[in-house]
Structures are given as structure tokens and as C-alpha cells.
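Read top to bottom, the protein sequences are chains F and S. Start counting the first sequence at 2; every next residue gets the next number (the working numbering). Start counting the second sequence at 1286; every next residue gets the next number (the working numbering).
Hints were generated in silico from the structure; no laboratory data involved. Heads up, a few of these hints could be off.
As the list claims (entries may be wrong) - Interface residues of chain S toward chain F, partial, derived using beta-carbon atoms under 7 Å:
{"no.": "1", "residue": "A1300"}
{"no.": "2", "residue": "A1426"}
{"no.": "3", "residue": "S1474"}
{"no.": "4", "residue": "F1477"}
Unchecked claim - Sample of chain S residues lacking proximity to chain F, with all beta carbon distances greater than 12 Å (derived):
{"no.": "5", "residue": "A1303"}
{"no.": "6", "residue": "S1405"}
{"no.": "7", "residue": "Q1419"}
{"no.": "8", "residue": "P1515"}
{"no.": "9", "residue": "P1579"}
{"no.": "10", "residue": "L1630"}
{"no.": "11", "residue": "D1747"}
Remember, predicted model here, so these are calculated numbers, not experimental data. Think of the CB as a built atom: it goes at the ideal place given N, C-alpha and C, for glycine as much as any other residue.
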Amino acid sequence: MNRQQPFDVGAVKDVIAARRHMPGAMLPILHGIQDAVGFVPADAVPMIADALNVSRAEVHGVLSFYHHFRQQPAGKHVVQICRAEACQSVGSEALAKHAEQAIGCAFHETTADGQFTLEPVYCLGLCSCGPNVVVDGELHARVGAAKLDRLLQAKRGAP
Amino acid sequence: MSAATVTLYVPRDSAAIALGANEVAAAIAAEAQQRRVDIAIVRNGSRGMFWLEPLVEVETAQGRMAYGPVDLADVPGLFDAAFHQGGAHPLARGLTEEIPYLKHQERLTFARVGITDPLSLADYLAHEGYVGLQRAIAMSAEAIVQEVLDSGLRGRGGAAFPTGIKWKTVASAQAPQKYIVCNADEGDSGTFSDRMVMEDDPFVLIEGMTIAGLAVGATQGYIYVRSEYPHAIAALDQAVATAGQHGYLGDNILGSGKAFRLEVRMGAGAYICGEETALLESLEGKRGVVRAKPPLPALQGLFGKPTVINNVISLATVPIVLARGAAFYKNYGVGRSHGTLPFQLAGNVKQGGLVEKAFGLTLRQLLQDFGGGTASGRPIRAVQVGGPLGAYMPQQQLDTPLDYEAFAAIGAMVGHGGMVVFDDGVDMAQQARYAMAFCAIESCGKCTPCRIGSTRGVEVIDKIIANKDGKDSRPQQVHLLRDLCDTMLNGSLCAMGGLTPYPVLSALNHFPEDFGVPT
Chain F
2 MNRQQPFDVG AVKDVIAARR HMPGAMLPIL HGIQDAVGFV PADAVPMIAD ALNVSRAEVH
62 GVLSFYHHFR QQPAGKHVVQ ICRAEACQSV GSEALAKHAE QAIGCAFHET TADGQFTLEP
122 VYCLGLCSCG PNVVVDGELH ARVGAAKLDR LLQAKRGAP
Chain S
1286 MSAATVTLYV PRDSAAIALG ANEVAAAIAA EAQQRRVDIA IVRNGSRGMF WLEPLVEVET
1346 AQGRMAYGPV DLADVPGLFD AAFHQGGAHP LARGLTEEIP YLKHQERLTF ARVGITDPLS
1406 LADYLAHEGY VGLQRAIAMS AEAIVQEVLD SGLRGRGGAA FPTGIKWKTV ASAQAPQKYI
1466 VCNADEGDSG TFSDRMVMED DPFVLIEGMT IAGLAVGATQ GYIYVRSEYP HAIAALDQAV
1526 ATAGQHGYLG DNILGSGKAF RLEVRMGAGA YICGEETALL ESLEGKRGVV RAKPPLPALQ
1586 GLFGKPTVIN NVISLATVPI VLARGAAFYK NYGVGRSHGT LPFQLAGNVK QGGLVEKAFG
1646 LTLRQLLQDF GGGTASGRPI RAVQVGGPLG AYMPQQQLDT PLDYEAFAAI GAMVGHGGMV
1706 VFDDGVDMAQ QARYAMAFCA IESCGKCTPC RIGSTRGVEV IDKIIANKDG KDSRPQQVHL
1766 LRDLCDTMLN GSLCAMGGLT PYPVLSALNH FPEDFGVPT
């Protein structure tokens, strides 16, 4: 693997040791690693394969199947915009276009300065009060362009 | 707390939080302290009237008084108006229970939601909680299954398969280990009733699964919750721990000698994992790839063992069926659609929220009487019922009664009861394109009609859209699209590819003008 990002190998080992004996341990391990180090590094794949007695290909197959798992670290702030039908009906596509402009990158991308990652999300279950947005894990409902700008500004100013 | 302590309720439901409930609760606490008003704030579930959230309720001698939607800036004014004594204020909505939106519902599954503190076992017990389990413990396993069968309860996740028959199959299977799996991968846009149960009344789901375990002889349960629902996962984790500490879960449920353990598992952002066999694969630690049926999960489910896999609402309805009896539940509804469904009004709707009603009212009644029309004030043009795989229904179909069979008869489905409202600004060709595009993103890839068909579908619809004003190949492209939909409908392994043609064809059939083809 080229350009491997540094990560805390000890933390990954701890997660694997703690969860390897759970029935169907693969997803809990991947979640644990991502929660601990922010993404699932390529170097963690053979470690998981070894612990679960499956092939690296199987681990990679699971890792790459699920949208939630990151194989690269995200930007400092993660902005997710719901693009499903209920939010579409109240203008989320216009908001999505505005977000690309305001943040300065396309969906599934991270800005050059590493400040923001922009992602789509397909339903947050807040469908009566869209458009809905998640910023660093915090939910925000009825978000128009102006409100999104305020949320972004608050993050830009954050230490 | 003194006798003069006033109890205030500020919801902890994530929709209320997204609208500022945490900040409002903090501001009320601070303002009360400053004014030396003695209050206690309970973080209850949401009443499901999301246009009024954050909805603050005040306990009074007459009952709970509602104020909403409360903005941070409203808090000092509310205290000036002595809202903590039920004082008049422009945001006052009167007694919560008398608000027509709530008053005209028939809340069975959602009986406690919004009333109780979701994480308080004492509150749950004080509101008919665990009455169903107590009764189930005194019954034989066969009698529990029969009760659920007699209630007429059908799978609320969308497929509407009789819950009791599923249970009966698992109960009669012989195996050293059986499982109860709750499908809480509520990925359909426009649906949030599962989320509300998990966040706002988690014990009811735990109770329902425990009863299921007793009924079929399963000792282990899993709740598979989508990763987009962290608040639900946190609430469930806490409720499962509390239930365990008080003997409602574990090796000896309420001293019955029967065991049932429960674990919450997090999904990872794959829509297809709402399909039951893909969900089981995911729980086993694999890619969420759909399995061929047979074998049925009831016989060879999780880890190859007999498994009851039910939706959140199905399982959360079991306690009231056991507590009040099958006949009580069955008396609600029409035809073969017994009981109630928690409908969800979403999208461009003025009064969006959760409406639990017996089957049989019309879509129009729901949208007008409860929903109050569109949020934008413009006419309703289309309503998508039953999630991304549900049909778009035009004005002329809005008088269809909400009942499984009536919807099936017109090529639509009630599904999970979610409805997404669109006003006349919607471009139905774009919505059809989105249905195919979403299928392409979320297809598990196992069967060709879904994996390739969805991509071809996007391409064909793009050609139709692009040719709108050009020279006319549209009739040919539309023919191709219909042919493709036919292949997907009949040739897909599961509902993902098999039902994606529903929104596409309904858009094409009811709104041909948006595709540039003659009506």
C-alpha cells in the first residue's frame, strides 16, 4: 500500500482482541477500529483476517461494501447532507449544490486544506423537517443555504 | 424537590434535538435558576408533531399544557407569561392531549411515546409496560404464538407477511439454538416510526422481542440498527442494560427459568441490509449480499439456525397484543389489514409527523386532515408511499383507503407507512431517474437485473430527459424503459431490484408529460 496514513497500531490491536470472539465479529471490529483511529487502515486488514481466520480478500470485501467505513481519514469536519426523497421534496438538491460551492469540494471529497469532507447520506429519519444535515455527528433540521453557511462558519472558527 | 416543583417536558427525540431541543432545555433550566422557579425537566419522547418541535410541555392540574415550537429566544418570554403555571402565550397550544392531531389518533403501539421518559423503567412499568410479558410467561409457547396469529398482526416492515405464521414456523423447527432478530435498518426515506420507538420507548421493543423468544424458544436476540441512528443505538444500549439489571433480560426472566439475552448491533450504511437475508449476512460479519430463498430464515436464518426476523414496529406491537388480547387488536382496521399502522407524514407537508391510525382511512384524509397540505402552500402533485421502492401516487389516487390489499390492487404498496409529499414543483422524470440511481448505488450486486438494470435505467431515463425538446426517439426509449422494468420486476432476487420499477413506472404512467411523452 502506498501513502499509508499513520495510525495507532496498539488501539487497533486492542479492538481486535476485545471483539474477535463475538459472534459475527467483523462489523463490530471494523466499527471499533474506525471509532478508535478515524478510519480503517489498509494495514489493519491482515490483522483482522488473521484474528478471524478469514482471507484478506474477505475483510477487504466487507470493508469496501459498506458506505460507513472509511479507508482514508476524513477531513477535520465531516458534513453530511441528506439526499433522499423526503429532503428532496423540500429543496435538498439545491442545498447540496450550495454545499459544494460553500465548502469547495464535491461529494465524497475532502477539501485541499483538509478542513471539510462532504458526503451524502440517505435518510436520517427526520423526514418531517428537512432538509437535514449532520455536521461532525450533530443533527440539524430545516437547513437552508443561510443556516448551512452559519454552521460552516462556526466550524471554520473552531479551534 | 418540593411540592411546588413544576415538571416540564422537553423531548430527547433526535428530531427535536435537530430542531434545538437540547439548547432549549438548557436555556429553560438556566432561566428557571435565575428566576428561582422550582422546576424539574423530564426529557420525554416526542409526541410526533414535528412542526411543533421543540414542544415543551408543562404539568398542570388539568393535564399537560403544550408550548411550541419553542425557539431559544422564546424562553424568557415564556417565563414572563408564567408558562410554568400554564400561562397564556402565543406559543400555547392548550392541553397536549386535546390537540386534534393527537386526539384523533388511535395510539396502540405508540401508546407511551411522548408521554414517558424513554429510559425510565419505572415510568415504563407505570404505563402498562411489561404487562404483556407477565401474561406471556404464564402462557404456553403455543398459546403465545396463537395469540399473535389471532391478532392478525402482519409484518410492519413493508412485506406485510403474517407475524404469527413466521413465529409458528420457527417454533416448530428443531434446533439447539434459535434467534430473534429485529430489523431496525429503517433506510426508507419518509419513515421514522422505528427510530421513534427505539429512541422514545425502547423497552417496548425489548419486551416484544422477549415475548418472541419465549414463544419460539429462542434465547438470543439481536437488534440490527442502522449506523445513521446513533441516538437510537444509545437509547437501546441503555435500556437493554437497565432491563438486564432488573431481571427483564438474562438467564432467568422474572424468575420464570427462561433465558433471553439481547444485543444491539450497528449496521454500516448499506440500504440493502434492510432486506432480511442481507441483514443476516451482515450480522454474520459478511457483505450485505442477499440470499436466495428458500431456505427461509425461519428455518435457516442467522448462523444457519431458525430465526424470527421482524421489523421494529411488528415486535413493538406484540406487547399490547399480549396485554390486551388478540381480539382487542384485531378489532381495529379493515379487511385483512388488522390493527393500526403508525403512518409517517414526511417531505413537503405542513404538519409532518407520526399518525397512528387504524387501517382504512384514505390517503387524502391523512394528508389533509392531519398533514394540512403542503409546507410550501402549493398543491400536492405526487405522494410517494412506502419508501424509495414505493409508487408515486397522483391526485386522482389519493382517495385510496390505506389498506394493504387496496394499495396492491392499484400497483402501489402501503409498506412501512411512510409518505413523502411533493408539491407541483417536482419533476417526476428526475424522481424516476433518482429511483434508478439509488438502486445502482445500493444494489448488493448479486443479481444482474438489479445490478446492471439500475445503471441502464439511469442511462435510458437520461436519454428521455435529454431528448425532451430534440428529435424524437422518446417512444423507443420509453419502450426500452418499460422492457427493462419488466425484467427487473420479474427477474430480481429481492425487493430492491424487484420494486425499483414501482416508482419509475408510476411516475411514467401518471406523469407522462414530465417525460415528454403524450398522456
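Cross-check of the supplied hints:
no., hint, result
1, A1300, "holds, 5 Å"
2, A1426, "violated, 24 Å"
3, S1474, "holds, 3 Å"
4, F1477, "holds, 4 Å"
5, A1303, "violated, 4 Å"
6, S1405, "holds, 23 Å"
7, Q1419, "holds, 30 Å"
8, P1515, "violated, 7 Å"
9, P1579, "holds, 22 Å"
10, L1630, "violated, 6 Å"
11, D1747, "holds, 16 Å"
Of the numbered hints given earlier, the model fails hints 2, 5, 8 and 10; all others are met.
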